[in-house]
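Reconstruct the complex from the two isolated chains, following the hints.
Chain by chain, the residues:
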Amino acid sequence: MPEKIIKSISFGILSPSEIRKLSRTAIVTAETYDEDGLPIPGGLMDPRLGVIEPGQRCQVCGNTMANCPGHFGHIELARPVIHVGFVKHIHDILRATCRHCGRLLIPQEEIDRYLRLLEKLEKKWPLLALRLIEHVKKKAIKRMECPHCGEKQYKIRLEKPTTFYEERRGGVVRLTPIDVRSRLERIPDSDVRLLGLDPKEARPEWMVLTVLPVPPIQVRPSILLESGIRAEDDLTHKLVDIVRINERLKESIEAGAPQLIVEDLWSLLQYHVTTYIDNEVPGIPPAKHRAGRVLRTLAQRLKGKEGRFRGHLSGKRVDFSARTVISPDPNISINEVGVPLDIAKILTVPLKVSYWNVDEARRYVINGPEKWPGANYIIRPDGRRIDLRFVKDRKALAETITPGFIVERHLIDGDIVLFNRQPSLHRMSIMAHLVKILPGKTFRLNLLVCPPYNADFDGDEMNLHVPQTEEAQAEARELMLVQNQILSPRYGGPIIGGLQDYISGAYLLTSKATFLTKRDVVELLAAGGYEGPLPEPAILSPKKLWTGKQVFSLFLPSDFNYKKKANINVGEMACEDEECFHDSYVVIKKGKLLLGVIDKKSIGAQQPESLIHFIAKEYGYDAIREFFDKAFKIFLRYIEKHGFTMTLSDVEIPVEAEEKIQSILSEAEEKVRELIAQFNQGVLEPIPGRTAEETLELRIMEVLAEARDRAGEIAAEYLDPFNHAFIMARAGARGSPLNLTQMAAVLGQQSVRGERISRGYKDRTLPHFRKGDIGAAARGFVRSSFRRGLTPTEMFLHAAGGREGLVDTAVRTSQSGYMQRRLINALQDIRVEYDRSARLPNGAIVQFTYGEDGVDPMRSIHGKAVDVNRIVERVVGWKR
Amino acid sequence: MVTRFNVLDHELVPKHEVLKPSEAVEVLRKLGTTPDKLPWIRASDPVARAIGAKPGDIVKITRRSPTAGVSIAYRFVIAG
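Note that the protein sequences, when read in sequence, are chains A and B.
According to the numbering used here, the first sequence holds residues 1 to 880 in order.
According to the numbering used here, the second sequence holds residues 881 to 960 in order.
Bound conformation, chain B alone (with noise of 0.2 Å):
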């Protein structure tokens, strides 16, 4: 049997962090837009699963960008 991989660990997934609901809240809202229009993550995603990540969560990405320096995205976490 293989020993088990933490995809966290890898190199190139980035950093994942579930935001707090009142961190959601206030990212929703200096975005002015609600959580169903944000890129969407499958809670089955291995990240997803990783970081223990719940459909209805937010989850920050916070990855390095060449041209960028840091760059921060969100995703939804749905069902399936």
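If we strip away everything but chain A, and leave its shape as in the complex, we get (with noise of 0.2 Å):
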């Protein structure tokens, strides 16, 4: 066959004579099949419609069932009826023509006019030629008498869904579809083109049913349930009952029945037709199947998420996929997934047979499909595919293999996959890596690499894809590696980096008072994989021992200069400057770590201008990804010799400082007390600005906020600062320093809507408190520690309060879900180019330069094309 060009396509509406031209029968009874089981001449399975029994040839067409695509048939209404597809249009086409000629109600110069502007329109601004149409109508919708004939025009009400009332003066008279369509028809082609319809292709009175296509059996194929009884699509059920009143309409007219009788057939009939196209609009039940199933007619079988054009068209399943649980792997490389042996047996990459790889193949083919490393299928050079499961003799077959065949062979270590994790919210959610087959029935992955997925390990699945061809394998590697995702294009920063424990280790390993024997040091590097010589030791005698900064230090480039303060750089450990008592102050020179301690700030994931965010940007992918893959190492290396453990002696507080707590809350709570006597007294001075009801509870928040923070500082004060929950606060691996206060203090105001919790009874929110007592405690005021327990009152108000948290995440991931998509749909044509201008496919420009100052987020620091501050920083190096 020749090949065929598509050069345009044409939308429009199927008229009366093209459905009947397309139609192979009439259906004319509602019966489907008779008490043989055999389908009946004329019904709605009619076997001319298209072929259900294997093996048997279409009637039609002569194909068998694999290859008749099916026929239509029809059904000649009685009477006809309104498409409900194309209500708006009939509205508006009404009102915009004349009751009496079918004219447009424009004067005949103006049509000319715009008859003209129109067809130029056409051709260069199809956009702007719709805006015409839609003021043409504007303009005719509002003229009420006709310019052609002079007759008066009346409003055209539409009464949803489909019928339409015409407001004479003598009264209100229903419009049948029948005098719609006889009014449709009346309207010449010249003016039915300034309406926004192409009369070829669509004229207004096919808007008005008079024959109803029967799809194709294959469109609504019947089910045979186990117990041999037929179940009919949905569209079936809904043609049988138009078919029954149909028959029924086309009788009483037939027999002269008395007019009520046929205008109830026929607005019967014009529901059910309105249901079979659409099941769900507004104004009308939905047309139920006997057991309340709501039916899926045609719109429905298109619309939404499970329809047909986001379900199956822009949606398909794919081949050379798998998908599993995820687990931890951190001795593999970032760049690297684990894949279980089982995966790597049914997943397959084509190998494409030249002189080179001969013997490989012909191993793998060996091997066969059981046996790891083997093949699933070989492809001969004359395109057949042989299944090496059906293979008696392998050994044979290998040897047949020449250069020109394609090996389908298992996936082994080094094969480059896509990997994601849904929801892919950017593009970080799928990147490649490297495939390493290892035991096990769940997919590996380094744990740095979580932040770009947002993966955890409580039961998170993910997919893997293979790509097939060179190309794409090619650019996967290229582009898509883990290790060119690192700086995220989001904003100016490294996306992934360490987290909880591996800061945790590095926070220990590089604090000031770590020593290491050469014992220590060297299972360390040994953990990091670092070849090379050990440094000069910080301390020679009387044992020679070496800091935790040295060994960190290994691993930076021999040139690195880097300042920065860390995470623990707030509070009482807060430093300006270089010298730096509380080792707050990261200074790295000449790659050497000579000061602070490394923490979230400088090793963390997300943060911007960080240590890792340099190295990336300075010394490139590769010498981060090693970075990652030995120095992070190291510190989970030391974590686990130093161990890291929490218990409740952690939190706990000596008597002392518990009494002075709880004097602080109960002056507190006193105060509250106090505010509140002056609220009743009247003598409260409100803030400006507000009332009285709002000044007190804002200073009674303040209140109680002031005595929650200066009891946390108490408690902060008695706790040891090298427990394990503190160092984790402090480093930024997990917790606040208010978790701390929570855990050991007070759990202080619980809140619902950002106020004190007020809902709940008749003027309280419990009935353990008195009616209108809104004091701290009544209104959610928590004074019991995590470690002392809550009170039950007070465990209600916490839940109360934790309830709305839980909330709010629900609504705004569907909320914000949501708004991607459509954010996604809008701007995914936009393309950025050479000269910097972000335009729409057709040249349209959007910006003048991309984000008005042509700078690559991905490429900048931190939103900012150059870092002055860095350059000197480098150049110089030692000074300031």
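If you're looking for bench data, these hints aren't it; they were derived computationally from the structure.
Computed from a predicted structure; not experimentally measured.
Honestly, I wouldn't trust all of these hints.
Listed next, with one range per pair, are the computed distances between beta-carbon atoms [as the list claims (entries may be wrong)]:
id, chain 1, residue 1, chain 2, residue 2, range
1, A, Arg690, B, Pro935, 50 to 56 Å
2, B, Thr947, A, Arg131, 33 to 39 Å
3, A, Lys142, B, Thr947, 46 to 52 Å
4, A, Arg427, B, Thr947, 39 to 45 Å
5, A, Ala826, B, Ile952, 23 to 29 Å
6, B, Thr942, A, Lys124, 50 to 56 Å
7, B, Thr942, A, Ser814, 53 to 59 Å
8, A, Gly643, B, Thr947, 47 to 53 Å
9, A, Tyr619, B, Ile952, 33 to 39 Å
For each residue, glycine too, the CB sits at the ideal point set by N, CA and C.
Here it is, written out as structure tokens:
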């Protein structure tokens, strides 16, 4: 067959004659099968509508079941009905045309002018043409007298979904579909064009159905249940309803039944046709199954997430993919993914056999589908595909393999695959990894790549795809490999980085107090895969000891300079400069960590302008990958050696501290009572712009928040600064000082919608309080700490606050998901051209310079194209 | 009656100017595009009226930007 090229597609409305031409048979009976289970000719399962029995040939086209596409039938409607999909258009057109002569309600000269304009616009600016049509329609609808025949026009009202009324002087008259159709028929072709329709493809009267097409059986297949009973498709059910009512209507009309009965049947027919097309039309009850299930009719098949477009055409299932639970493996590279052996034996990569790899290919074939690394299929040069599962003598087959064959071999170490976790919110949600075959049944991934995927291991599953062609593999390797995605295009900074115990470990290792014996150093360096000489020990006598900072420095580029405040640089430990007593100012000069501890600000994930950011930017992706694979292993090794646990007594404070805290809280509660008393006496000074009630609430919240902060400070004073919970909060590994306060001292105010909890019973939150009590405890101030435990009322109010958080997350995810979908649909075609302008595919300019400044955020430093300070720091190095 | 308010005096309204035909041609040549591919501004837009832009004109907008210093954009004036 010669190649066909599609030049254009035109959309239109099926005309009655076209429907009849398309049809192989008219459907005249609502019965589908006779007693013997054979389809009745002229019924909805008429064999002329398509073959359903395998092996049979189609009466119409002579094809077998696989090849026959099915054929349309039709129903001759006894009375015309409105097509729901077009009611809006019909309404517009009826109002814009004369009820008598059918002409557009615009003077002839203007019609001519508009027609000429329309022709021009359609060629050049089709979107403007649409606006012109809207304009013409609006103008015509306003006119209440026909400029052609002088007929007075009336208002036409549409009663949803399908009934039209004309508000004449004598009263309101219903327009039957017959009336509507005859009016539409009168409109001349030239006027139709100005109404936005192409009269060749879509005459307005075709919007009123006189003939209904019946889709082929293939479109509405019946399912044979196990019990042997046939279950018909929803469409067939609906069509049966239509045919039944249509036949009754026809008989009634022929028998000369009273007007009332005919009209009832007619509107019933209108209802059935309407729901057949769209079963979610507002204003009428949806058609239901016997069991009460809502029918899925034509519009429902197309609409929505599971519909034809989003569900089938733009969402496809793919081969060469796998899905399973993920689990962590700190020992593999960030570029790697651990793939279970069982999966590796199913997923294949086509290996093109050449002179250089015949032997390899033969080995795979000999191993076969069961033994890894083997092969599942081979494709001969003539295109024949051989399934190795059914080959008895694979050795003999392997001998026949020569260059030109394709062997579909198992997945092996070093293959490139795409790894994905839903929801795929940004491009780092799909990254390329190198395969590493591992025992077990889960995908394994390095913990450092959790932040880009937003993955954890509480049961998360991920998908894996195997690119098949060399082009796809090369693209994945060069563009999508994890190490190339470390810098996020969302903000100029690294998205990959240390979490939790990596940060605690780094903090402990690089702390001033850490000294290591040679044994320790060697063990750590071995874990990090370091090869090279040991540095001079920091302390020679009485024993050779190395500092943790020295060990860490071995993994830094030798000319690397860096200066930044550490995460611990807050409050008491704040320092503005290099001379920092608390070791909270990180200084790296010539690749040596001289001062400061390494914590979240230096190696944390999503920390712009951090140590890892600068290594990635200035030394390249290979360097940063190596840093992640080596230095980070040391952090883990060190925290393992050190030991890191937390216990209840870590948040225990001495009795005296407890007493102090209690007295602070009592004081605060007393102050609250005072405020309330002042309020009741009316002497409370309102804050400008607030009512007295609001002022009271604000003042109470203020007093309580301050009390909590002071209690927290006291607790922090008495807590051991080297207890592990404290270390984690300080280094930024997990938790915050607030969490510690809540555990050790006082939980504080619980809130719903940012206010003290006030809902519940009449004038009180719980029956345990007096009506009208607005004191601290009655409105959700929790005096206990997590360590001491909550009283029942406190626990309830705490749960009320916690519930709000859960609801918020649930609502936010669904809303932001929908917003993102719409944004992506709107923006996906915008492209940055070579002149740095952002343009649509048709060349329309969206931005004259991308983002006003033309900066690629991925290559920027936190949004800035150049960071002058950093350059100075790098060049000058030693001096500030 | 309130005193007439000149939008151009507002601090959030950047500088708008109508380009001379020769300048307009030059701008279009530099962008390698036709006027209709530029973003549009209606002639009835308060700013367009204030500077007296007519349909078919090209308006140059010069605004201060926190990221780029000064950024320049163009608008094609349409009827309406």
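Tested hints:
no.: 1; hint: A:Arg690 / B:Pro935: 50 to 56 Å; verdict: holds, 52 Å
no.: 2; hint: B:Thr947 / A:Arg131: 33 to 39 Å; verdict: holds, 35 Å
no.: 3; hint: A:Lys142 / B:Thr947: 46 to 52 Å; verdict: holds, 49 Å
no.: 4; hint: A:Arg427 / B:Thr947: 39 to 45 Å; verdict: violated, 22 Å
no.: 5; hint: A:Ala826 / B:Ile952: 23 to 29 Å; verdict: holds, 25 Å
no.: 6; hint: B:Thr942 / A:Lys124: 50 to 56 Å; verdict: violated, 31 Å
no.: 7; hint: B:Thr942 / A:Ser814: 53 to 59 Å; verdict: violated, 42 Å
no.: 8; hint: A:Gly643 / B:Thr947: 47 to 53 Å; verdict: holds, 48 Å
no.: 9; hint: A:Tyr619 / B:Ile952: 33 to 39 Å; verdict: holds, 37 Å
When the structure is compared with the earlier hints, violations turn up for hints 4, 6 and 7 and for no others.
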